[in-house]
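Residue strings, one per chain:
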Amino acid sequence: GAGVSQSPSNKVTEKGKDVELRCDPISGHTALYWYRQRLGQGLEFLIYFQGNSAPDKSGLPSDRFSAERTGESVSTLTIQRTQQEDSAVYLCASSFGTGGINGYTFGSGTRLTVV
Amino acid sequence: ILNVEQSPQSLHVQEGDSTNFTCSFPSSNFYALHWYRWETAKSPEALFVMTLNGDEKKKGRISATLNTKEGYSYLYIKGSQPEDSATYLCALYNQGGKLIFGQGTELSVKP
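For the record, the sequence lines run as chains A and B. The numbering of the first sequence is my numbering, which starts it at 410 and goes up by one. The numbering of the second sequence is my numbering, which starts it at 380 and goes up by one.
Don't read these hints as lab results, they were simulated from the structure. Misleading hints may appear alongside valid ones.
[Said to hold, decoys possible] Below, simulated BS3-like cross-link-like pairs (lysine-lysine); rule was C-alpha separation at most 30 Å, straight line: (1) B/421 <-> A/466; (2) A/466 <-> A/420; (3) A/426 <-> B/421; (4) B/438 <-> B/448; (5) A/424 <-> A/466; (6) B/421 <-> A/420; (7) B/421 <-> A/424; (8) A/426 <-> A/466; (9) B/448 <-> B/421; (10) B/438 <-> B/457; (11) B/489 <-> B/448; (12) B/489 <-> B/421.
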């Protein structure tokens, strides 16, 4: 597609429920990243996929968080048993190569509210 | 743990004022420094990618400088306009495969 697409744009869920967030990167972009921004904080790295390599999961805050990517296509971020501290804007980005030189193209984010 | 610091955290200026923000980062293993603009309800938009010490980049009224030896970058906005209101993010790439972002500077420009 022309840009990075994320869905849903907004999600309100009850504490304890599971949620799934979707990211559709730019076609041909080999790298895909998930970040989140909680209220009053900076962009926090969650997970990074590069081609067929093992993902860098070093930013996932707990084992309730997981993510998958099918080839160089769509990615889903799943949060199990959501907690109020999971409320944040979840941003997905993609890049050609590592993004260190080319930069990222971001989606418009999913605003998750856990009540 | 890499620490990217931005200051100030927020800034309120009048239309027409010029302003600048700072991004500080560890200078070891430096590869690239990125600036993004993030307007409310929109996607963060890339402004600059800078790699060389002494680099200066310009885009309209916005410019940025880079000092990799001392580990800082400045972003300048000349003659701020209300449409410049946004959060400005800097991010460090040190070949770890992903960008490490600062907490951002929130700019508000009053007409």
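- Which of the listed hints are broken here? 9, 11
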